[in-house]
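Protein chains: 2
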Amino acid sequence: FLDDGGSNGGAYQYSLRHSQPEPPVLASIREAALVRDPVEAQKMISPLQGAFMRHLVRSQRPQTVLELGCYVGYSALWLAHGLQSLPGLSPPKLWTCERDSGIANLAKDNIKAAGLADTVHVLNASAKHVLEEWDSQQKLDLVFVDANKSACQLYYDLIMDRDLLSDHGQIIVDNVLFHGQVHPLIGDSGVSSAGPGSNIAHKMHRFNEHVAIDQRTDQVLLPMFDGLLLIQRVK
Amino acid sequence: FLDDGGSNGGAYQYSLRHSQPEPPVLASIREAALVRDPVEAQKMISPLQGAFMRHLVRSQRPQTVLELGCYVGYSALWLAHGLQSLPGLSPPKLWTCERDSGIANLAKDNIKAAGLADTVHVLNASAKHVLEEWDSQQKLDLVFVDANKSACQLYYDLIMDRDLLSDHGQIIVDNVLFHGQVHPLIGDSGVSSAGPGSNIAHKMHRFNEHVAIDQRTDQVLLPMFDGLLLIQRVK
Ligand SMILES: C[S@@+](CC[C@H](N)C(=O)[O-])C[C@H]1O[C@@H](n2cnc3c(N)ncnc32)[C@H](O)[C@@H]1O
Ligand SMILES: C[S@@+](CC[C@H](N)C(=O)[O-])C[C@H]1O[C@@H](n2cnc3c(N)ncnc32)[C@H](O)[C@@H]1O
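Chains as they are written, first to last, in my numbering: chain B, 10 to 244; chain P, 10 to 244.
It is worth saying that the hints were derived from the structure and are not from the lab. All figures in this text were calculated on a predicted structure; none of them were measured in a lab. No false leads were slipped in.
No copy is singled out in the list; a pair is fine if it fits within one copy or between any two copies.
Capping the alpha-carbon separation at 27 angstroms, the derived lysine-lysine pairs in DSS-like fashion look like this: (1) LYS121 to LYS244; (2) LYS102 to LYS244; (3) LYS137 to LYS121; (4) LYS137 to LYS102.
Between the sequences and the hints, there should be enough to build the whole structure, so can you do that?
Here is the structure:
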């Protein structure tokens, strides 16, 4: 019934207009990123996806959040806005990592400007390194996976093999339908074809199959934005 | 990037195939409903929407859930599957209401057959009546609104005016983009036009505007399925 769900579609625009508006500080960070580097800045989540993830955070009330792939801090700030409104004895914390040190510094500045430096901690490190070194006693309630698009399976396996997820924790993986190139990789029979599609699309498809088969987790793939995979531990 | 997101689209089918499979008891209830009344049964949520709502329940861990519009119990059973896996001192409860007494009895049979009669309680009553009579001391953590499509605003106002929602509660309203007829009602200027679109589409649009303006709540409209509006109290 709906149109393409892409950010130019009428349904997307209508939905954005009838969702809680983007906080002004986030709008200016997003706009500055688009001016600074119009191509790279396309990698940020959309404002509607931000509002959705903030909703998920408010509803779940996580205590410990990890983001893989910070860029200039835009998605981290949406998550942090959700954390801010939560009650609790100890304030919730969000760690986010960015491999590029110049970008990581930009993110730190943005987070300070947004007044959320007490909640959000930027690590200038690779996602793999952070997951390998994360203290497995400090369970993660929410992990947002948005770093190296070829490495989703590596990140997922590190989280599950090292048992980093809390009992009611969730992993959210972005871009699992990568630019609409993933779902055409299976025919009506459900059998993977070796058809066209970028290298990343093929890797994402293998990752989606990997999670679907893994008995340790339940998951739902949302055909929205660029494809969002929501993963939970099986009880 | 994605196709229409409707249940025939390739992205929808791919997403369904890579999400946790529908439990067999739910598949047989859905299939029996489609045989019994192929037209009415279209009103049920899709299996993918069911898996999404179960994910939301597991993540939120609500104690008290109310569904408006039960039909044969399909969506109620998805929600109940999410509630089942939750820890806690007192078992979570789901109330669902259905105006039609024949259908309500069918739902009761289905819920018994699924082994969830201790969790799900079917009320043979109108949604308006249930909301008017609901004990405002027993706060609702989750309300799924899927009854009379012309009455969403009435339901929403009853919930908010009677203060029935718990602090971290959420309301999920289905079909707010009603068959793709709602978003064309506004032009690029954002001004409502008196253009085509069913009576229900116009009412849904007015409802979406009503919620967007209401200072008591935050909301995000998801351009997925038939349009899902996720609403939370402002802290
Ligand atoms: C898709 S962008 C993140 C966008 C951000 N989450 C947002 O929505 O605002 C991916 C970021 O991850 C960084 N990155 C790529 N590979 C990485 C890795 N292996 N470890 C850490 N960061 C990485 C890139 O430099 C880029 O800034
Ligand atoms: C969209 S269907 C519900 C489908 C169900 N939630 C599912 O996804 O499996 C709407 C149901 O609400 C019932 N209904 C309509 N108006 C109602 C009202 N005012 N109060 C209670 N039930 C109502 C209809 O009889 C119908 O069975």
